[in-house]
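Undergrad: Chain residues, written in single-letter form:
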Amino acid sequence: MRVKVFVTPRKGILDPQGRAVEHALKSLGFDGVSGVHVGRYIVLDVEARSPDEASAAVRRMCDQLLANPLIEDYRFEVEPG
Amino acid sequence: MRVKVFVTPRKGILDPQGRAVEHALKSLGFDGVSGVHVGRYIVLDVEARSPDEASAAVRRMCDQLLANPLIEDYRFEVEPG
Amino acid sequence: MKWGVVTFPGSLDDRDTLYALRDVMGQDAVPLWHKDEALGGADCVVLPGGFSYGDYLRCGAIARFSPIMKSIARFAADGGLVMGICNGFQILCEAHLLPGALTRNRSLSFICERVTLRVENSNTPFTRAARAGELWRIPIKHGEGLYVAPDDELRNMEERGQVILRYVASDGRESEAANLNGSTRAVAGVANERFNVFGLMPHPEHAVEPMLGGVDGRRIFESIIESAR
Amino acid sequence: MSAPVALPGEPAVDRDLAAAHGLTADEYERIERALGRTPTYTELGVFSVMWSEHCSYKSSRRHLRMMPTRGARVVQGPGENAGAIDVGDGWLAVFKIESHNHPSFVEPYQGAATGVGGILRDIFTMGARPIASMDSLKFGSFDHPRTRYLLSGVVGGIGGYGNCVGVPTVAGETMFDAAYNGNILVNAFCLGLVRRGELLSARASGVGNPVLYVGSATGRDGIHGASLLASAEFDASSEAKRPTVQVGDPFTEKLLIEACLEAAKTGAIVAIQDMGAAGLTSSSSEMAGRGQLGIELDLDRVPLREPGLTPYEILLSESQERMLIVAERGRVPQLERIFAKWDLHAVEIGTITDDRRWRVRSGGKLVADIPVAALTDDAPEYDRPAKAPSKPARMMNRATHKIPSPRQALRGLLASPNVASKRWIFRQYDSIVQSNTVLGPGSDAAVLRIKGTQRGLALAVDSNPRACAIDPYLGAIATVCEAAVNVAAAGARPVGITNCLNYGNPEREEIMWQFVRGVEGIRDAALAFDAPVVSGNVSFYNETEGRAIPPTPTIAIVGVLEDCHRRVPQFFSHADDAILVVRSGRPGFASSEYAALFGSDDAELAPIDLRRERALVDTLVDGAQRGLIRSCHDVSDGGLAVAVAEACFNLEGLLGAELTLSPGFDSAIDLFGEGRSTVVVSAPAENAPGLTEIFRGAGLEITAIGRVTGTARLRIGSVIDEDLRELQEIYERALPERIGDR
Ligand SMILES: Nc1ncnc2c1ncn2[C@@H]1O[C@H](COP(=O)(O)OP(=O)(O)O)[C@@H](O)[C@H]1O
Ligand SMILES: [Mg+2]
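Protein chains in written order, with our numbering: chain A, 43 to 123; chain B, 43 to 123; chain C, 324 to 552; chain D, 54 to 795.
Isolated chain A, as found in the complex (with noise of 0.2 Å):
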């Protein structure tokens, strides 16, 4: 199953990266830009018998790694198929 993991930076927690990246935006013209963050974006195929035992398997993943809740959220997608 193709998963689709989306890690943002946390609310109220610095993100000097979609700082810049507005920053730059901005100076290239596009002003009604704002709240720019930028985070990763993870896709990963899983084995798994249901979408319920992929999402199982890829919270984990994203506790254990893909993400760091101390300063990160994430979500996912599961695509069946």
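Hints were generated in silico from the structure; no laboratory data involved. Treat the hints with caution; some may be incorrect.
Claimed, not checked - Simulated pairs of lysine-lysine, DSS-like, Cα-Cα distance not exceeding 30 Å:
no.	chain 1	residue 1	chain 2	residue 2
1	B	Lys-46	A	Lys-53
2	C	Lys-325	C	Lys-393
3	B	Lys-68	A	Lys-68
4	D	Lys-394	C	Lys-393
5	C	Lys-393	C	Lys-358
6	D	Lys-504	D	Lys-394
7	A	Lys-68	A	Lys-53
8	D	Lys-444	A	Lys-68
9	D	Lys-504	D	Lys-318
10	B	Lys-53	A	Lys-46
11	C	Lys-325	D	Lys-394
12	A	Lys-68	C	Lys-358
13	B	Lys-68	D	Lys-440
14	A	Lys-68	B	Lys-46
15	C	Lys-325	D	Lys-318
16	D	Lys-111	D	Lys-440
17	B	Lys-46	A	Lys-46
Stated by the list, open to error - Sample of chain C residues at the chain B side, in silico, Cβ under 8 Å:
no.	residue
18	Arg-381
19	Ala-424
20	Thr-426
21	Arg-427
22	Leu-431
Treat the numbers as computed from the prediction; the structure is a model and nothing was measured. For glycine and all other residues, C-beta sits at the position ideal for the given N, C-alpha and C.
Since the structure of chain A is already known, use the hints to place chains B, C and D with the ligands on it.
TA: Below, chains B, C and D with the ligands alone, put in the same frame as chain A:
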């Protein structure tokens, strides 16, 4: 309008980070994992009168700054609202 | 001749490059500021190493849009000599003044080490003072120096002699282990098709004094001085 | 003037709330007395951080006064952001070491990164350009499941920050021991250079002078980071108390360095301090306190990262990359222009006053009004009971029956993570940026040249918790000796010390005893080397679940080389050079790596004769300056055999060594014991008599034990005959293999 941009390593381009994450997941005991790729996930708010206008702007942002077409692919979603 | 060394926000080796050029090589070198467009009458512009804009997003991606980069693009189009070292190389690639891109080292970690380079083409303004096949000991220090370019493009580059420097073992032979960052075909430095723009990951400005571990970096500066005459 | 008012939604202040803020009943009463009323919630928060162990040094202050802090070269001793030593030719070296243990244990990458950021700010607030960093690291054993994660995170964070700001990390030390499983240590050192006469201070002056906030905006990060996290033991509830983790932004720090140094040149800066622990509160009150003045702040003008921060949060935030400046009146626009050039905020948020009060307004209301002294000089100070434990501690195992052969011992030692090459770590650090690094990581001390002069500075950082566990006094002395000898081995004269005192819970009398004995040891050794202590840091409460770390005073020493060309590396460089050993005492196994690996019943540290240690240092410097010494390596972890092997591992070309063992050098204890300072010297054979004479003349034992050979073999008497390539492979691979990095 809230926009989500997904930037992924281009097919055929070395993705050492994806490989390292896959390796790490396997050594944590997640055997059924494969095809791991790590990219960037950029969230931003764009002022625009319509989703189309937002899309056009975001496409330009991606082409100019957010992705490097030589090594990366991108796609994005505009959330009306 | 006159040198210009650009300072972007987050440039680090700008001062070292100026020091190497002025104090060690006795050259006339001026600092250039990213917000300016003037190149100070430089015959060769150096984009130094560092972490411009924190290397956020992609190395060099944001610096590429600095006002001074417009002048540098024009200067290069007019045949002016431009050299990008490390972060400067990354900026030149992002600005499409050089082919290819630089991505994270194979090991995913930063590497600071003296490496051996082999001069692959000595018929360029940047290597004129060297013999082809000459070996140099010059340090690298980067986290994202793995050079990539599409296969066909890289093949053409090799044919035209645009691959100027390669990582090799200390005996001069190509080896997987000596290619510390995992660059495609062990590429360490490339030029554009006109051979007036040059980018390299190793730091020649950190190899100009015996007390600091060697002088092979001088060969590059000497070549440029010779070319500008 | 009316008293500050409670803001809507704030909890009522009482003894219980004070206790929840880590203040004792006594302390709370003191606060009421100092104010003559009940504090507001905001004020309570402010007192709780300023009176925390971390900010007030309440358990350590009276003991730290023992340290020798004056000397002919001392321009600034403890009390400012960092100390300063005159190193000649018009240059001052400004340096300090600081701990970031708890944050690094919680989030290793960001914890270590922000540790580097903080110590850098301490240096450039003095007007000095940071030119070199070092890191002293203690991790648990590799058997512990978190060790690898913590190690890669910490090293990644130090490199990530240091590399990005362009300050080379030139040396350090790393130790692994199960005693640190629950409490790692991350101590970061930084050194900067400033011209004599251009040193800045953190002492406010000039009533009416404006106060400028510069750098990053304020967020909710690290609220109570200092008071709760670093001033109490770790336990199960720490999780819940955990403040928001601070994320460092080295890019902004780099801009801040350049902007502050440029601003310093204008002469418009009266005083400057970074917003470290307790952020805006400590920087503003401490600057006012040093100047015997008052300060008034308007929080409405503080740049915020997100809306809705309360005065309590703004005052206690530990957001990174921020500075507070007292400027000369009328020169604010000039400073603003400089910060704008570097894309940084500079906002006037307050004024210096003459009434010695710390006054804060928000939304037009007075929210805090406290005598400055109550927050600074008059903070509590304790004379906590100290008592030696009934039985001395010990980190080593008893001797086993399986005594290894010399060959097995040597190989085992070289593969031990404490002895093995730390290249995996230091090659992740840019050690050459700024073009001053004459000797980088991998040698006993790093050497930096001072551009435009012949001079060099040598830096070393050391700690010896195993010796300190046996005897916290002798262990501290041994630590200072090791750092001094490392610096002298490179040919430099030790001129100044900074220290980071890592201990357990000071409310326990045996910990307090370890601490006091440690300070006494540092005092005595510093006096002996005539190297004053000019700065430092105390880190208490390094315990988890009631288990304290071994006493770990970390000592960094700065040395001066009159002529940088005369620096001495630790590596053999010429075949046929004579190899000599100079000892200031006898080796033993008591705190050795050998004992840690193979066990030993040797439980006592040998006494230390500080006059001989001093003589060793003086003579090494003398020998180096006269150009008699080609290489010098001090014998530390692993003993003599390991030191000789390490001296052979010259990256520019492997050499060999052949030692003929005379009596007194042939037992396991001679080969692998670690004792009082011992160095392995190589020199052209014709210099050997001259060297022997000067060392003997200084009352030291010097013995010619062999020669350097051109073939890569290590031969020691009839007991060891090894291919050095194999040994080097063991030495270099050990750490990457344990980390799982192919
Ligand atoms: N954490 C670290 N950061 C930078 N350099 C380090 C670190 N740990 C060790 N080193 C370097 O590795 C070398 C060996 O360290 P160490 O074994 O502590 O030396 P010694 O025992 O000779 O004092 C030294 O040059 C030291 O500076
Ligand atoms: Mg040493």
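Undergrad: Take the hints in turn and mark each one as holding or not.
TA: A quick look at each hint next to the structure:
1. Note on B/Lys-46 and A/Lys-53: the hinted pairing holds, with a Cα-Cα distance of about 17 Å set against a maximum of 30 Å.
2. For the suggested pair C/Lys-325 and C/Lys-393, the alpha carbons sit about 20 Å apart, so the restraint of at most 30 Å is met.
3. For the suggested pair B/Lys-68 and A/Lys-68, the alpha carbons sit about 42 Å apart, so the restraint of at most 30 Å is broken.
4. As the CA atoms of D/Lys-394 and C/Lys-393 are separated by approximately 20 Å, the hinted pair is consistent with the 30 Å bound.
5. Under the criterion of a C-alpha separation no larger than 30 Å, the hint pairing C/Lys-393 with C/Lys-358 is consistent with the structure, at around 11 Å.
6. Between D/Lys-504 and D/Lys-394 the CA atoms are separated by roughly 27 Å; this keeps the pair inside 30 Å, and the hint holds.
7. Proximity of A/Lys-68 to A/Lys-53 is assessed by CA-CA distance (about 22 Å); at most 30 Å being required, the pair is judged to hold.
8. Distance hint between D/Lys-444 and A/Lys-68 is unfulfilled; the C-alpha atoms sit about 67 Å from each other, more than 30 Å.
9. For a cut-off of 30 Å, the pair hint linking D/Lys-504 to D/Lys-318 stands: about 19 Å separates their Cα positions.
10. For the suggested pair B/Lys-53 and A/Lys-46, the alpha carbons sit about 17 Å apart, so the restraint of at most 30 Å is met.
11. Of the supplied pair hints, the one linking C/Lys-325 and D/Lys-394 holds, its CA atoms being roughly 26 Å apart against a limit of 30 Å.
12. With a C-alpha separation of about 16 Å, the suggested pair A/Lys-68 and C/Lys-358 falls inside the 30 Å cut-off, and the hint holds.
13. Taking the CA atoms of B/Lys-68 and D/Lys-440, the gap is near 51 Å; set against the 30 Å cutoff, the hint is violated.
14. Pair hint A/Lys-68 plus B/Lys-46 holds up; C-alpha atoms about 17 Å apart against a cutoff of 30 Å.
15. Taken as a hint, the C/Lys-325 and D/Lys-318 pair is honoured in the structure, with Cα atoms around 28 Å apart against an allowance of 30 Å.
16. This hinted pair checks out: D/Lys-111 and D/Lys-440 have alpha carbons roughly 18 Å apart, not beyond 30 Å.
17. With a CA separation close to 13 Å, the supplied pair B/Lys-46 and A/Lys-46 stays within the 30 Å bound.
18. The closest approach between the C-beta of C/Arg-381 and any C-beta of chain B is roughly 6 Å, which is under the 8 Å cut-off, so the hint is satisfied.
19. For C/Ala-424, the interface hint holds, since its Cβ comes within 8 Å of a Cβ in chain B; the closest pair sits about 5 Å apart.
20. Contact between C/Thr-426 and chain B, as hinted, is supported at the beta carbon level, the nearest pair being about 6 Å apart and thus within 8 Å.
21. Given hint, C/Arg-427 at the interface with chain B, holds; its Cβ is 6 Å from that chain's nearest Cβ, closer than 8 Å.
22. A cut of 8 Å between beta carbons decides the hint on C/Leu-431: the least distance to chain B is about 6 Å, and the hint holds.
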